[in-house]
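**Student:** Sequence:
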Amino acid sequence: SCIRDILATHTGEGHAAISWEVQAAVEALDVFGSRWTIEILTALYIAGPARFNQMKTLLDGISSRTLSDKLRLLADRDLVIRKVEAGPPERVRYVLSEHGRTCGRLLSPLVAHLKIRSGALRTSR
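If you count the sequence shown from 1, position 48 lands on 710 in our numbering, and the numbers rise without skipping.
Simulated from the structure, these hints should not be mistaken for laboratory data. Only true hints are included.
Using C-beta positions, here's what the derived DEER-type ranges look like:
(1) Ala748 <-> Ala690: 32 to 38 Å
(2) Leu720 <-> Gly695: 18 to 24 Å
(3) Arg779 <-> Arg739: 27 to 33 Å
(4) Ile680 <-> Pro711: 36 to 42 Å
(5) Ser681 <-> Glu747: 42 to 48 Å
(6) Trp682 <-> Ser725: 36 to 42 Å
(7) Ser770 <-> Ala686: 19 to 25 Å
(8) Asp740 <-> Asn715: 23 to 29 Å
(9) Ile700 <-> Ser726: 15 to 21 Å
(10) Glu689 <-> Leu720: 27 to 33 Å
(11) Ser681 <-> Ser726: 39 to 45 Å
(12) Gln685 <-> Thr764: 20 to 26 Å
(13) Ala782 <-> Asp740: 28 to 34 Å
(14) Val773 <-> Gln716: 20 to 26 Å
Distance condition first, Cα-Cα at most 20 Å in a straight line; then the derived DMTMM-like pairs of lysine to aspartate or glutamate:
(15) Lys777 <-> Glu701
(16) Lys718 <-> Glu752
(17) Lys745 <-> Asp731
(18) Lys718 <-> Glu701
(19) Lys745 <-> Glu760
(20) Lys718 <-> Asp731
Quantities reported herein were computed from a predicted structural model and do not represent experimental measurements. No residue lacks a Cβ here, since even glycine has one placed at the ideal position from N, Cα and C.
Sequences and hints are given; from them, build the entire structure.
**Tutor:** So this is what it looks like as structure tokens:
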């Protein structure tokens, strides 16, 4: 594959390269394995920019503290941007960064595949 070819030119071949690639994948995907991060990213990807309380309404069961912590984590990972709009009152909206939108586009086919496989979505044949 194209990605594998690019990685091979930077890492060499053999066991060390495979080990490095596996570790890089784990580190890259780590944020997506954390509870609520996929839900937050998906909500922003589908619904678009949202304020904190809108996010809390969209994400049934999330606490304010958890939402705040996860939004901070996603901002630190350059997946979400915290936009402050001048007031009064001052308003804060959360939007996906370009990196976040790219991840959303890349994750959408995986989510669709898993829904189809689980029977949550039906395909016409």
